[in-house]
Amino acid sequence: MKNPLPNPLPDAMPLRDALRGLRHAVRRGGETLLDVMPLDQLPPPASQLAGAMIREMGELAKGMGEVASGFARLALGGNDTPHGAPLQLTARIGAEDTFAQGIYAALRLVLQRLDAPSVYVSETAARMAFVSLLPDQRQGQNADIAAALSLSLAEVKVMRGTSAQDAAHVPGRAIEHAAIFAVMLWLQSNRSEAEDEAALASATDLALVVATEADAAFSARDSAKLAALYAEFAAHV
Amino acid sequence: MSDLPPLSGSLPPTNEPLRIAVRRMRWFRAAFDAYVTAIGDKIGCTYKIDDAKLAGIFVRWLRAVERQKPANRQDRHDYFEFAAGLMLRELTADMPLSALMPPAKSGAESAAAFWPEGYACTMFCLTVHSAAMQQEFKDKPQVSVAIDDLRHWWSFKENAQMDASFSVGFLLTVLGHQPNWMMPDVFRVRLSNELQQS
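Chains A and B are the protein sequences, given in the same order. Per the numbering used here, the very first residue in the first sequence carries number -6; after that it's consecutive. Per the numbering used here, the very first residue in the second sequence carries number 231; after that it's consecutive.
A hint or two may mislead.
[What the hints assert, rightly or not] Residues from chain A shown here face chain B by an in silico Cβ test under 7 Å; the list is partial:
#: 1; residue: M121
#: 2; residue: L126
#: 3; residue: D189
#: 4; residue: A191
#: 5; residue: A192
#: 6; residue: T205
#: 7; residue: H229
#: 8; residue: V230
[Said to hold, decoys possible] Non-contacting residues of chain A with respect to chain B, defined by C-beta distances greater than 12 Å in every case (computed):
#: 9; residue: P38
#: 10; residue: S40
#: 11; residue: G154
#: 12; residue: S156
#: 13; residue: P164
Hints are computed from structural coordinates only; laboratory data are not their basis. Quick caveat, the model's predicted, so the values are computed rather than measured. Note that CB positions come from ideal geometry on N, CA and C, so glycine has one too.
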């Protein structure tokens, strides 16, 4: 007998994350190989063989990225471009997925600007950060909500696989904290859709300037201090 | 007193009042980039901008402006001038510009040739200030003849390198005021009030 109810869509977010994780591993593997293999010093045909292998890994990583993005569009209507969602945490269905997709896309752009594009970002962790907020943390001023969400994003490790080289691009080597700060500051900024990209770039630059202060607040889990920094700069992105 | 060189058209458009726009990082950076390109074309010089330094300058300027902001709305006009001086202070304290060549279209005895980086920063501050004053107060600021006097620029460059607060005094001089050289980067209304209370 035919099932009268259609099967519910599977949760595509962890699958997307898994594919991105594979892509991250393959990319990093290629980078590591490039670091340790002195390609230019290898005699042919070993150098051609090694070069072809690394190119192949690059193509594989690119293919995985396309599959992951395809899932985002197809399964959940996800989009890799942020649209500047306002910081309004309502109880509407799917808010956590919208938040996670926006955070993922924005973090990717911020990490590119920080010259650390290969850091792994977990959309599932971003969703978990949203869901784990307590009801009273969803109330209050934007800066307070942003601070609670920021600490939650850091807690669930929304970014992983940061290398020492990536971290060195930020004062105090706190690249995860600076990136989260940049995205949450951008979310609070007053901007048109056309200004989204310029505003995100500005928020990233501001985050770099106050990276030491923000990192101290993150490390101490000082929500009030973080909220004060957001309140100070949200109007100046 | 005379008009500023007409480069205010190089500032990017904004739907917001300039006093708001200039305190947004994205407009400030776009304005600085555009102005430096325009003045570089005018004097025949190419500049390189250090974006990281510019971001730091912007944050320090914001905080300095906020710290000394007068409570009395009657002081707004004076504070606009002072804020422009604070911007020049931060720019000269951590110069974000480097001239990649000597200005090809400026005379050897000109301020632009003498100190191309300081000249561009000063003219940027004066231009933003002038545009904001016209918008807020229908007031078109004039600049003193001191702006063409190389001795002032010598003094400005030498003193600003030792104490960046001198830049505030220089800008106020160029705008035709007599600054308090003891504490040029302390808002004068507040300073005079404090002196009266002591």
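Verification of the supplied hints:
At its closest, the beta carbon of M121 (chain A) sits 31 Å from a beta carbon of chain B; the interface hint therefore is violated under the 7 Å criterion. The criterion of a C-beta within 7 Å of any C-beta in chain B is not met by L126 (chain A), whose closest approach is roughly 28 Å, and the hint is violated. With a least beta-carbon distance of about 11 Å to chain B, the hint placing D189 (chain A) at the interface is violated under the 7 Å criterion. Interface hint status for A191 (chain A): upheld, as the beta-carbon distance to the closest one in chain B is roughly 5 Å, under 7 Å.
Satisfaction of the interface hint for A192 (chain A) is found here, the shortest Cβ-Cβ separation to chain B being roughly 6 Å, below the 7 Å cut-off. Restraint check, T205 (chain A) versus chain B: the minimum CB separation of about 12 Å is more than 7 Å; hint violated. The beta carbon of H229 (chain A) is positioned within 7 Å of a beta carbon in chain B (closest approach about 5 Å), and the interface hint is therefore held. Given the 7 Å rule on beta carbons, the hint for V230 (chain A) holds: about 6 Å separates it from the nearest Cβ of chain B.
For P38 (chain A), the non-interface assignment is confirmed: its Cβ lies about 44 Å from the closest Cβ of chain B, beyond the 12 Å cut-off. No beta-carbon of chain B comes within 12 Å of the beta-carbon of S40 (chain A); the shortest separation is about 38 Å. With a closest Cβ-Cβ approach of about 25 Å to chain B, G154 (chain A) is found to remain outside the 12 Å limit, as its non-interface label requires. Every CB of chain B is more than 12 Å from the CB of S156 (chain A) (nearest about 21 Å), matching its label as outside the interface.
Not every beta carbon of chain B lies more than 12 Å from that of P164 (chain A), the smallest distance being close to 10 Å; the non-interface claim is violated.
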